[in-house]
Structure formats: structure tokens, C-alpha cells
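So you can see what is in the structure, the chains are spelled out below.
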Amino acid sequence: MSFEDLMADFAAREKKALAMGGTEKLARRREQGLLNARERIDYLIDENSFLEEGMFGTSSVVPEDRDKTPSDGKVTGFAKVEGRPIAVASNDFTVKGASSSLTNMKKIGHVKRVATERGMPIVFMGESSGARMPDNMGSKGMGALLGNDPTQYVRMRETPWASAVLGPCYGSSAWYTCLSDFTVMRKGAVMAVASPQLASMAIGETVDPQELGGWELHAEITGLIDTFAETDEEALDLVRRFLSYMPSHNQETPPTAPVPAGSDEASETVIDILPESRKRVYDVRKILKVILDQDSFFELKARFGRVAVTGLARLDGRVVGVVANNPLVKGGALDAHACEKITRFLVMCDSFNIPLLMFVDTPGFIIGKEGERQRAAAKIMNFMTALQMFSMPKLSVIMRKTYGQAYLNMGGGRNSDEVLAWPTAEVSFMDPAFATRVVLWGRNEEDEPETFRKVREEMEKDGSVWDMASSFSVQHVIRPQETRRYLARLLEFHEDRRHGGIGRHALSNWPTGY
Amino acid sequence: MSRVEVKSEVTGTVWKIEMKVGDSVAEGDEIMILESMKMEIPAMAPEAGKIVEITVEESVPVEEGQVLAVIEA
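Chains B and Z, in that order, give the protein sequences. When the letters of the first sequence are read in order and numbered with the working numbering, they come out as residues 1 to 514. When the letters of the second sequence are read in order and numbered with the working numbering, they come out as residues 515 to 587.
Next comes chain B alone, as it looks inside the complex:
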């Protein structure tokens, strides 16, 4: 072949790969307002930064598929986001439903391996029908294709993983989503072990896709996603936002950012948000928003375990992880879902060298039958274990109540490096009203009002913050308006200079769902 012919052949092959599943299928997506696999990558990354891996890959299992599988249905490579390198895998649903087969599995394995060894986050764009047929069928298919990567599902959190669920996600695209540190789902997408069609066949009744694995299910009941979006574009914006809080890998500290104007002034208004009556509830997110850098609070799993709030943010330009009780929901009493949400969040922050701020106002753990059935006792201990193994700086602020075991889970005592308390703080083993009833079990307040009053007084003593300050059980009693300034100064002093701000990462192999 002459060079001219070679170049013409090259151009034709390139064109074919970039044409994906053909103009018709691509046009149909466009009509539905969906980006295609390559547009998604372009939207996510810095302009012209994509270095593709395996563009000319095709099916290597079924010979007649070779011409029908451009890039083998999964577009992979490296790119930059805000100037920082990442690895990306984008499923091309127009090519055999982006199903998994030998070549594309090798492509994904390659970018994952390089990202892990060289220290880059990985972004997965999920939209796949699962394993390709007939490639994976039969004992020969199973033996040749699946199970040949003994580290495929190992998650040691060497680098951050982000997933966008942008269409049907079954099989491996659901698995990678669950293994990720951050997941956003576009409304209308579905994530499940198997497709609704397969599920319908298996159980003999029609299964509604949204009921099986839609955004509301995963945002509110399973907690498997962190947030959701209306469009592909919005979902990818959220992936970029997540990455802005993350270091490229676990041996690096997260990037700092300039402090937005007005942040210090806003923090003066905390006292206007906190109700004066100890019985009134409030939305803790309003408090967080004025203490943290303006517009920096990025809430995760907002609709799951709502009695607690978790999110990434910045304080004085430094990335922090925030865990707070939310009295607005059930008075801020912690439940099993909240324990799961917080535990997962602690694991992520510790793995990526992010210090922790806890904002405390909780009457304790919700007690009762429902909680016990959800294995609340074990979840409370998971949370506690993760907190005690957390090696980055931990600062906690007792805003109002903190009782019993929840006092320890929310960083009480030496479970944070510094405990700050507002003058409104109340600390004890349980609410004095309940304690009175426990001590006077079986007796009637109407018969013995004087006894009840005396016991109640006894139970209320030493619950104030000044008693805690006097025994150095809190290190700082501060005015609420000073919280931002105190936290910023303490974070500076608590920076782990001896290890360059890098944590011990003892939680890095914690299961991603449990």
C-alpha cells in the first residue's frame, strides 16, 4: 500500500470509529436531549484535552461483530479537568448497548490500572446493558471473559472515583457505580442488578424501571447515589464540582481555593438562625452555609438519612468534610441510615486527606423496634469505629444538645482533636426529663410532684457547658458568631506537618456499601 492509500485507509478507520453506532441512533439520542458517549467526555473535560485509548478496538470475540463494534462500545482514555489529569470511561450505548466484552474490558482495565498507579481520579459514565451476548454465554464464554481480573472490584481508594448514571446501568456499570466515592444520577436513568425486562421474566410480572432502580429509590431509600440531576450536562457539572474538592490521589492534599468575599461577614449571622427556645428546631444547613466559605457547601445524600447532613465544603479556602445533626428532621435524633451515610462519608474524607468538622445538636439515637431491625446497634459501632480510626484533624462544635452514646459518635470527649461549644450547649447521658422517668420508674408525677422536681433538678445539674469547660472536657467555649474564625485557626494549628497533611488511610479498604 502506498503512503497515500495508507493514510486514506487510516482516515476511513478513524471516521468509522468516531461514527459510533451510526447517524440514526445518534440522532435519536439528540432528539431525547441525551448526549452521546463522546459528547459527554467533551462536556466534562477541559477543551481538547482528551487522549483516547483504544479507539480502534472492536469486538475480538465474535468475528462478524468486528465491523459493527466501533471502539467496542466503550470510549476510554485520559483527559484534564481544571488542568488536572483524570481517566475516563464512557459507555457508548449506540454500540450493542455498550455491553461488556473482551476488548472493552481490557480497555477499562488499562485506564483503571494507569489511573491507580499514576494517581489520577477515574470518572465512569454509566449507561450499559450489562454483559454482551453471546460473547459471555456458555462455560467457554464465562471462562474466557469473566473473572480474569482478580483485582477488578478491589477498592483501596488510591484515587477518587466518580460515577454518573446517565442511562440504564446493569451489571458492571452498576458495580462501578456502587464502588465509586461519588455518584450522580440523571432523572430517568436506571441502576439495578439486572434490567426490568430480565427482572420481569424472572418473577413473571411487569417491573416498573423507576421502581426497580430510579433516582428516587436510590436517593431516598437505598442511599446508593449522592445526588441527582435533570440533564446529562447538569450531572457532569456535578462530577466536576465533586472533583474540585478532591486531591488527584491519596498521597496528595486537596486543592485550596480563594476565599469568597463576604464569607467572614456572613458568619456573624449564626446567632440569628439558632432559635432561642431549646425546644424549637432549625435547619442546620442554614447554619453551615454561613459558617463555611460562601457557596462552598456541597451536600451529599441530602435525601437519605436526613436526620444528619454530610457534605464537602471549604473553610478559609481549605477543603473540609462536614457532618452535622439536623434538628429539623426528627429533632436530629440519629438513625441507622444516618449512621451508614456518615460512616461512608468519614471513610471517603479520611482516604483523601480531608479534615472533619462536626456540628452537634442531637437528642441521641432513635430507639425502638424499627431501628433494632435495621441493625442500629451495629451501625452505631461502624460509625464509631470509622470515627476513631479517622486520622485527619477532627474538630467538633456542640451547638445545643448532645446525649449519651451520640455524644461520643459526634466527636465528644477525645473523639475529636478539639471540642468547641456554644454557651447553648447541653451535655449529659440522656435528656433530663427521660432520666427522671427512668430513675422514678413506675411512680407517678402527679402523686409525688416534689420528688419528681428534686430528681429532675439533680439530673439537670452539671449539664451546662461551663462545667465541661471547667474540667477541660471542652477546649473552647465560644460565641456562635466566632465559630468560623475559631475553626479556621484551629485547622491551621492542627495541620499534620510531620506527614505533609497525608492521613494513615486505615479505612481505605472499608466496603463501599455494607
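For the record, the hints were derived by calculation from the structure and aren't laboratory data. No false leads were mixed into what you were given.
25 Å max Cα-Cα, derived DSS-like pairs, lysine-lysine:
1. Z:521 <-> B:286
2. B:140 <-> B:106
3. Z:552 <-> B:286
4. B:461 <-> Z:552
Among chain Z residues calculated to face chain B with C-beta under 10 Å, some are:
5. 524
6. 525
7. 550
8. 551
9. 555
10. 558
Yeah, the Cβ is synthetic: ideal placement off N, Cα and C, and Gly gets one too.
We have chain B; now place chain Z onto it with these hints.
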């Protein structure tokens, strides 16, 4: 138009009903305040709309998940 149920998030008692049938609500507005665990817990509108039904009275006990009001959204 869809009917949206406002459910109690807690087991407790109805302390104060702050709105009445026919009132318009925005998402997050307090419809009533319950008392549970010695705290005043608001029952809020999950969506914007108009209150078409209030199914409880002040000082009655309520269970978690019980319908307190219905909004036409």
C-alpha cells in the same frame, strides 16, 4: 394536579396546627407542629400547593408515617 400526603416523621402528639384547609403552601412551609422527644417538630409541605385536607386535631397522638394533611400540588 396530584394529591400529596403530608406524613408525620415522628411518633408524638399534635401540638399546634398553624394552617387551615384552603391555605396555599410553598415547599418547606410549616403546616403544623408536633411534639416528640420533648421537641417541637414541624410537619412541612413536601411540595408547593394548596391544603385540601387536615386529618388530625390538636393534642391527638400520631404515629410515624401517619397522614396529617393532604396537599393538592
